[in-house]
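**Q** Two chains, two frames, a set of hints: combine them into the complex.
Those sequence lines, one after another, are chains A and B. So the mapping is simple: the numbering used here equals the position in the first sequence, first residue as 1, plus 90. So the mapping is simple: the numbering used here equals the position in the second sequence, first residue as 1, plus 74.
What the hints contain is simulated information worked out from the structure, not anything from laboratory work. Every residue, glycine too, gets a C-beta built ideally from N, C-alpha and C. Accuracy of the hints is not assured; some may be wrong.
[Claimed, not checked] Which residues of chain A face chain B? A few of them, derived with a C-beta cut under 8 Å, are: (1) Ala163; (2) Gly165; (3) Leu289; (4) Arg332; (5) His356.
[Claimed, not checked] The following residues of chain B were derived to be distant from chain A, with all beta-carbon distances above 12 Å: (6) Ser121; (7) Gln219; (8) Gly432.
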Amino acid sequence: MMEIVGKTSVDFMGKRNVAFAVSGVLVFLGIVAVIGIMAGWANLGIDFAGGTAVQLKFDQPLGIEEARNALQAHGLSEAELQEFPQDQKLLIRVKTETTIEDEISKQIIEVFQEEFPNHGFVVDSSTSIGPTIGKKLQEDALIAIVLSLVGIILYIAVRFEFRFGVAAAIATFHDVLVVLGVYFLLDKEITLLVVTALLTLAGYSLTDTVIVFDRIRENLRRRRRETVSDIINNGINQVLSRTLVTTLTVVLVLVPLTLWGGEVLHDFSLALLIGVLVGTYSSIFVASPLLLLWPGAEGKLLSRGK
Amino acid sequence: MKKLRGRFLLLLVVTVVSCILALPSFPGLYQSLPDGVKSVLSHQGLSLGLDLQGGIHLVLEVEEERAVEIAVDRLRKSMEDLLEEKAIAVDGVSREGSNSISIDLQNESDAEEVQTLLSDAFPNFVLQEHSGTRLEYELSSDDVQRIKTSAINQALETIRNRIDQFGVAEPLIQRLGVNQIAIQLPGVQDPQRAKDLIQKTALLEFKMLHESKVALDLPPRVEKGQEETVRQEFEGKVPEGSEILFETVEESLDGSKYSIPYLVKKDADLIGDLLQDARVTMGDFNEPAVSVTFDSKGAREFDLVTAANVGKRMAIVLDGKVYSAPTINERISGGRAVISGTFTTDEANDLAVVLRAGALPAPLKTLQDLTVGPSLGKDSIEKGLRTTLIAGALVLIFMIVYYRLSGLIANVALFLNLVGLLGALSGLNATLTLPGIAGIILTMGMGVDSNVLIFERIREELRLGRPVRLAVDAGFEKAFLTIVDAHVTTLITGLALFLFGTGPIKGFAVTLCLGIGINLFTAFVGTKVVFDFLNRRKLETLSI
Chain A
91 MMEIVGKTSV
101 DFMGKRNVAF
111 AVSGVLVFLG
121 IVAVIGIMAG
131 WANLGIDFAG
141 GTAVQLKFDQ
151 PLGIEEARNA
161 LQAHGLSEAE
171 LQEFPQDQKL
181 LIRVKTETTI
191 EDEISKQIIE
201 VFQEEFPNHG
211 FVVDSSTSIG
221 PTIGKKLQED
231 ALIAIVLSLV
241 GIILYIAVRF
251 EFRFGVAAAI
261 ATFHDVLVVL
271 GVYFLLDKEI
281 TLLVVTALLT
291 LAGYSLTDTV
301 IVFDRIRENL
311 RRRRRETVSD
321 IINNGINQVL
331 SRTLVTTLTV
341 VLVLVPLTLW
351 GGEVLHDFSL
361 ALLIGVLVGT
371 YSSIFVASPL
381 LLLWPGAEGK
391 LLSRGK
Chain B
75 MKKLRGRFLL
85 LLVVTVVSCI
95 LALPSFPGLY
105 QSLPDGVKSV
115 LSHQGLSLGL
125 DLQGGIHLVL
135 EVEEERAVEI
145 AVDRLRKSME
155 DLLEEKAIAV
165 DGVSREGSNS
175 ISIDLQNESD
185 AEEVQTLLSD
195 AFPNFVLQEH
205 SGTRLEYELS
215 SDDVQRIKTS
225 AINQALETIR
235 NRIDQFGVAE
245 PLIQRLGVNQ
255 IAIQLPGVQD
265 PQRAKDLIQK
275 TALLEFKMLH
285 ESKVALDLPP
295 RVEKGQEETV
305 RQEFEGKVPE
315 GSEILFETVE
325 ESLDGSKYSI
335 PYLVKKDADL
345 IGDLLQDARV
355 TMGDFNEPAV
365 SVTFDSKGAR
375 EFDLVTAANV
385 GKRMAIVLDG
395 KVYSAPTINE
405 RISGGRAVIS
415 GTFTTDEAND
425 LAVVLRAGAL
435 PAPLKTLQDL
445 TVGPSLGKDS
455 IEKGLRTTLI
465 AGALVLIFMI
475 VYYRLSGLIA
485 NVALFLNLVG
495 LLGALSGLNA
505 TLTLPGIAGI
515 ILTMGMGVDS
525 NVLIFERIRE
535 ELRLGRPVRL
545 AVDAGFEKAF
555 LTIVDAHVTT
565 LITGLALFLF
575 GTGPIKGFAV
585 TLCLGIGINL
595 FTAFVGTKVV
605 FDFLNRRKLE
615 TLSI
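Same shape as in the complex, but just chain B (with noise of 0.2 Å):
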């Protein structure tokens, strides 16, 4: 009777070991247990999956050949102001392409001069081509990988950061292969508004705005919508150089948004990677504006620009859009602007944390984007547990009915899956998703097949006129390998699904096989244990 006894106390530890792994998943159970056992434990039990809690599932990419573009754009623009130290003179400085810079040159005989300097400043730049007053500048390939390489590392930092400022309990933001970034961000309350945190370049730039008389034709007010048809009317008409950007006005009285054009130069005087620091404050009408303040160069820069343009309007323009046109009254030497436009408290604030985190070095790409909205999750999880108890109570009765006392053991079996499920899952940290809460249902209809199947030689050996005791043994034995087979069929296609399924799916694939190797295990340890205690009694007859 010893067998009888280990096996009986086996199971009890099994299932006091699964309850105490479950707890983690029980704030309010969890929290009352003494410090001693919390220590042991996991702190965190079974997680919900973004479908039952909520949040943002992103998958983006890094737009490499632009991030390359925007490295060279900026090293043009100080190859410009170089030769202008310098006082050569050039009719042009321009970026072809996305890696290559040409410089036309007014004097040929410059061009000697250029190229020693040239070398010694921007030694990653190779001499392409020299023709004449044309000088053609390549970007070695080496630092164009390495530009592509630090624009990932820039774009996840600066993410982290964006998202850090945010406020996002447990985000997971996880680079991807090459040039892919993976962001979850689970229970996040206003989904619309954290994407467009993520995904705002942040290019801040500062352009003065150009004076020709083309400028005068240009309509007051435009249709939010007829932008681009504005742009092409002026096709031909603008000075070189130049550009048409707008700037979204919202009617205080009813809400309706226009815009409005502004001629500005296209380089711009200042960028905004030379910002320090960028807070909400309040501006002159006690509207939410933001105040930023300039590093020292920027501070420097700002001051050069501003004393140069006295009187003049400067676009404050953020990713391409006009934010506000002030005019620059007096010469700014403290390093500090404000950026004012038709702000809500919001927007102001999430403009702030953008600047403050910097600017992606890249636009970045949405490739997925799964939104899961705290209300299906709330419905989802109670439809979940409705569905589990009303299946978990057919079953109970099924069972009952159709093999009466042997029935409720099985019955107990059962339980005790539920329960192993829960510590195996809890213990494993694992993700607990819709489909996986589907899978649970799942293995409690197919759990209790072991014992129907068990159950079934039984009658049929009692049927024969085998004593109890012995139709309950060839009952178990014979049983054996076809339950084995079932579940290791079931267990082959689970495991496939493990490896190639994604977040949901694989949760599915957790429950269901946990719960069919749970299974096994019950059903010859657990319900055979029951089954030899009952047959010390010498039974005549079995209720099955």
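Excised from the complex, chain A in its bound form (with noise of 0.2 Å):
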């Protein structure tokens, strides 16, 4: 049988408090994240914020200073672009308080036909959200984001007892938190799809929690002699192969996504990406951790152990 990870003893639990600081400042990113969607600035995508995009492919590839000047020279200067040199395109935003009455897109399209009239392009696509259609796409974001809370938070409930609910809730926030701050941190946009990942890594998180709670709770039925910080190492290292190769292989699915996916999926991707990989890690020196630290832990954990 091949084994990535042999019989292993690592001492997780021993680790613990440089897990929680790491953790802790990424957590923290991740509030001020929150805060600064909240607040309005940070950087929203159109769907939520109103306004305008419009992808642009052309036949030969056009600097993306040139056409930042092009566009400024016509009265764009907020005008926010990406380019994806390999594919030649280039995406054009314009966020501000603009009714679709000003037609950004017909503009946009012009001010490339005016100025570089010896390249060719194909509008890829064009984007133009009202305020009004906005609000609504985020009202029903956060419907859905309550909505998948609630039902976590139940079946968390439902099938674990109290801490290791506590324990296992903390660290789906946690996931999802750290991704945000990344995020934030790395000024990428957060747009409908970026939330659907963030929701879908969220239910996928429990899953690797679950796999190393399942297994604590089976030893401490079992064993009552060692301590608790021993029988949860022993029990993580008992998985450690599995919670390991369940998330290679959604790895090994993720990163043609990410690489070869096309922009339109590629912050998508990447989202669950990175939140996958933080979920091992959080279920390991996150939830795992924070068993211990409930107060009376040694004695209620074994006495109860269910």
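**A** Take a look at the structure:
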């Protein structure tokens, strides 16, 4: 049998303070990101903030600086540009308070037709979202988020005993916040697809936590003489192979998706990729140690061990 | 052993059914089926989402207030005509606000007569105020509501007619909420033209040119973009009841455009809803033009207007822009006119379509406009397929390398998964979007996890020294709950996304949830069946 990790006996619990420190920083970033989104200074996609996005595909590559200057010269200085050099595509976004009547997308297209008559291009896509629809999309997204959270919490409450449940919930929130924080740091746009990725990874991260907790629970039921810390450590070591391989299979499909899935899906798949890796990390280094933190854990966990 | 055979049979049936269900998605294969089979299946399998097919998605809002204003404008004209007919001298009949009309009589003594006249002819107007020579009427709120409701319905009808004539396959035109309309035109080749076609208010008016001397002061040509400046310049100078409108002319030599200003009377002598037909025709200089035919009422009015204005110029105005301003050479009683201007054949055609389908009762405000060009669609499909193959290959290779023969069994299960998923999506006529393809890829990775959990458990049991058969059973049994847990949590978020996600995201949620559901089936029925079969041979070791 081929094994990724053989019989291990890593002292995971011993390293928990380092892990808490690292996680603490990342979660803090995530919280900052959430505040940023609510306050409006985070980089929200046009599906939330309203605005116009036009993606153009050029026959020959066009420098992003040239494009920016051309747009500025025509009064579109607040346009944000993103380039995809390998496909010769340019994405132009304008998010200011404009109405659709201003026909920004037409303007943008005209600018390129006028300023670069020798650069043929095709309009890949253009999206204009007015503020009312943007608001509706925000609301819908929030409802989906709340529904998911409620569902997850209910599920945890039913499936796990209280202390396990809280630890699992914290680990899941941790994962979502970390990815959000990373995206905030990288100033990546938070679009509906990114929110979708976050919700999906919340559901999936619980999977990993379940694998670890199931084993810890089983062990707690059986052994009574070791310290809780040791039981947890052993439990994790026993399922280490399992958690790593399940994560690996998902990573194996997400890497091609991130690299070659195209610009539309890029941010989505990257969020999932980061999230899945963080999810594995959090099951071992966040959820499990949290079990130890519970006051009187040693005694209670052993006796109840359900 | 019957249990084994039963399960094998179940697997086989499910696979075959999935394959059959999936057929409509592959038109080439589908066509070659016998008719009998075709009649049972739906004729359309999977449909491609807008992001894969290209097309437009619009959400428009009917400006109800304007609809009321436009309707009241018409009633105002009727009132004016009626008073003229009865030879009652008025200073003016004008619209106030969006739903009131005020009448300034010249003789106070006429007031009573007017009141009786109007209460008979316009029962939906209620007299609000009467002070001396001024009568103010307001449209009843019931009627205002009626206008608003019919405006939406009329807008829907008009848009449908316009799109019909444009010939888009499978358009989607729906009312959304109280006053919004959602339009989806998949596969449209020229999105800008389609959008222009839909949104043209198409209010056609025939207005006489005003003969005041101010008209001579107007510049003969105006730079494109300078129209407002010119309007402001002449702000106080234009006589009452007139306005400046512009015609756009394209220089045939170099394609540059400029505008010609016209001083026209504000009130239209004829409105376009009296049209019966509109066709593309060849103008005097062999350029495309649109020939319009009035209905009988319109023909009569046209006759009167042209008779009274021989030698004068009449501006043909569409949506506030002058298309041409020909001189009326003679009285026209045939009810036909030709609108010529600098049209391309496409433009003439679109104008004819729009005049035939009728004017929109009110302007439409765009709330959302998503346009995907066909190039991006093809691009996305290509990338999606390629990534699916690569991701699939990676997973397949890993499973074989890591779990050997058992891995191969897992791979077959994965393949069945995909077949089942395709069948389910086709059978449900689901829409495949780009995130949907991502969802399929994700289920490949997550689906394999079920098998991983089972195999790891089996390995553990084998390491403890259990005999193969017991190890296998224990593996499946103990992993069961964990696998269900794992999938349920993902399904929860998938469901939330399905309920509240928009198009592409909904597509993702559908493939994810279906994929995981089907995976539960193949993991427990499919994989187990094969292991049980192998177990019959009383294996000493297991290739895992």
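**Q** Taking the hints in turn, state whether each one holds.
**A** Going down the list of hints, with the structure as the test:
With its C-beta approaching chain B no nearer than about 16 Å, A/Ala163 sits outside the 8 Å limit, and its interface hint is violated. Hint status for A/Gly165 relative to chain B: violated, with the closest Cβ pair at about 13 Å, above 8 Å. Hint status for A/Leu289: holds, given a least beta-carbon distance of 5 Å to chain B, under 8 Å. At about 4 Å, the closest approach between the beta carbon of A/Arg332 and any beta carbon in chain B falls short of 8 Å, and the interface hint on this residue holds.
This hint is violated: A/His356 has a C-beta 10 Å from the nearest C-beta of chain B, more than the 8 Å allowed. With 12 Å as the threshold on Cβ separation, the claim that B/Ser121 sits away from chain A holds: the shortest Cβ distance comes to roughly 19 Å. The beta carbon of B/Gln219 is kept farther than 12 Å from every beta carbon of chain A, the shortest such distance being approximately 22 Å. Look at B/Gly432: its CB is around 23 Å from the nearest CB on chain A, clear of 12 Å, so calling it non-interface holds up.
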